[in-house]
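Engineer: Here is how the chains run, residue by residue.
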Amino acid sequence: MEEREVKSIIEAMLFVWGDPLSIKLIADTLNLAPEFIRKCLIDLKKEYEMHDKGIQIIEVNNSFQLCTNNKHFEYIQKLCTPPQNKGLTQAALEVLAIIAYNQPITRPEIEGIRGVKSDKAINTLIEKELIIEKGRLEKTGRPILYGTTDGFLKSFGLNNLKELPNIDEFESLDFTDK
Amino acid sequence: MAYNVKLEVFEGPFDLLFHLIEKSKVDIYNIPIADIAEQYIQYIEDLKKFDLEVTSEFLVMAATLIEIKSKMLLPNKQEEQIEMELCDEDPRKDLVKRLIEYKKYKNIALTLKDREEVYTKIFYKQPEQFDGFINNHEKEIEDLEIEDLINAFNHLLEKRKKLSKSSINLKEIKRDEITIEDKIDQIKNFFKEHISLAFEELFANPFDRNEIVVTFLALLELIKLKFIVVQQNKIFGNIIVKRNIISNEV
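Each protein sequence line maps, in turn, to chains A and B.
When we follow the working numbering, the leftmost residue of the first sequence carries the number 1, and every step to the right adds one.
When we follow the working numbering, the leftmost residue of the second sequence carries the number 1, and every step to the right adds one.
Honestly, the hints are just simulated from the structure, not real lab data.
Take these hints with a grain of salt, some might be off.
[As the list claims (entries may be wrong)] List time: in silico SDA-like cross-link candidates among lysine to any residue, alpha-carbon distance up to 20 Å:
no. : chain 1 : residue 1 : chain 2 : residue 2
1   : B       : K192      : A       : N159
2   : A       : K128      : B       : I100
3   : B       : K242      : A       : I23
4   : A       : K134      : B       : D182
5   : B       : K192      : A       : D19
6   : A       : K128      : B       : Q126
7   : B       : K242      : A       : D28
8   : B       : K113      : A       : I23
9   : B       : K188      : A       : T149
10  : B       : K188      : A       : N61
11  : B       : K192      : A       : L25
12  : B       : K23       : B       : I100
Just chain A, same shape as in the assembly:
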């Protein structure tokens, strides 16, 4: 099969699937090597970017998904008034940041860093499927360990956790600077 054809098939599959589609599933379906599929996907992604399309391809944890280009938000909003997605509160964002960099982490550890109770923020994040229980710590009370989900990566445009901004860069920030 020619590469062009493979890309074309993959494009159709992404369109139909809607959800993030894993390289493995595409490779199994086409009976081709995953490395080759990855290359096709990356090429396809670049093609969309190069031609400044209204649709883009994003990668989340070895899966790919079609979505709209955020540049066009204003017009989509005019067209169909999408449900207002209220952003996260400062508290929820802080908790999310702590979990993202320290997962798996327990609630008391999160509260230790923030110096304040954080159960409400944690519940919001669970409801929004940005974090999930990743098991329990084998010590008294068996506290729940929290970690981030693929939904978290998607919501913040990250391919994987390694793409999180380097934490050390945040340490040297000027404190008198708001």
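Assemble chain B onto chain A, guided by the hints.
Structural biologist: Only chain B this time, still in chain A's reference frame:
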């Protein structure tokens, strides 16, 4: 004289402390603790005045500040520490460490917020509806009697019996038994990367009675949730478990 007091909401004692430090334009490594403690306590007093709830965390911090203040008043080599670098004896050391740690995440939260703003402007399409299409060649769940599932299940139990007879009968006490929720997650995860699997494969490894029951219940739950469909291509054929394409759950 009418005068307005605007009280900002703080995310916790560290947040308030930062606000005070920033407002006073002082060096984080050299906090004039007496001054900051006073401002901090004043703020708590204001909250009380306006009948706002002062949570325990704020009071704990107030106590900590007073404790540090009193320690610093003790004549402890103070002359040498006029330029007070943060050395081990500095009672502020621990507080500063925690403040810096907290500030780090506060800054990251800001970055996340920026990213969130961009990525909430992206839309995704719902997965296609394929119901009509799928049923063409294969039997759907409606054609599959519950008996078929039970038979398959009995078959498995038989197999397990044979297996356990041939091995030494040891009783094992397990601490963590797998829950239906865990199993549901496991199966869901499996279907992230696979389209289908044979019913028997689901029970391939565990020959623990509890896990077999849990797997079976998880399977029924997922059928109910329409996450998977169960198909049998011919009578007495293998039962195939498939991810339900109509489901938009991943």
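Engineer: Given the hinted pair B/K192 and A/N159, is their Cα-Cα distance within 20 Å?
Structural biologist: holds, 16 Å
Engineer: Holds or violated: B/K242 with A/D28, Cα cutoff 20 Å?
Structural biologist: Cα-Cα ~15 Å, so holds.
Engineer: Measure nothing beyond the straight line between the CA atoms of A/K128 and B/Q126; if it is 20 Å or shorter, mark the hint as holding.
Structural biologist: Answer holds: A/K128 to B/Q126 is near 18 Å, not above 20 Å.
Engineer: Checking one constraint from the list: CA of B/K188 to CA of A/T149, max 20 Å. Satisfied?
Structural biologist: holds, 14 Å
Engineer: Just to be careful, I want the Cα atoms of B/K23 and B/I100 compared with a cutoff of 20 Å; is the pair within it?
Structural biologist: The given pair, whose Cα atoms are some 17 Å apart, holds under the 20 Å limit.
Engineer: With a cut-off of 20 Å on the C-alpha distance, tell me whether B/K192 and A/L25 pass.
Structural biologist: Holds, because 8 Å separates the two Cα atoms, which is no more than 20 Å.
Engineer: Between B/K188 and A/N61, does the CA-CA distance stay at or below 20 Å?
Structural biologist: holds, 16 Å
Engineer: Compare the distance between the alpha carbons of B/K242 and A/I23 with 20 Å, and conclude whether the hinted pair is satisfied.
Structural biologist: holds, 19 Å
Engineer: Within 20 Å, alpha carbon to alpha carbon, are A/K128 and B/I100?
Structural biologist: violated, 29 Å
Engineer: Does the alpha-carbon distance linking B/K192 and A/D19 stay inside the 20 Å limit?
Structural biologist: holds, 10 Å
Engineer: Compare the distance between the alpha carbons of B/K113 and A/I23 with 20 Å, and conclude whether the hinted pair is satisfied.
Structural biologist: Not OK: B/K113 and A/I23 at ~30 Å, beyond 20 Å, violated.
Engineer: Quickly compare the C-alpha distance for A/K134 and B/D182 to 20 Å and report which way the hint goes.
Structural biologist: The given pair, whose Cα atoms are some 11 Å apart, holds under the 20 Å limit.
Taken one by one, the earlier hints fail for this structure at numbers 2, 8, listed in ascending order.
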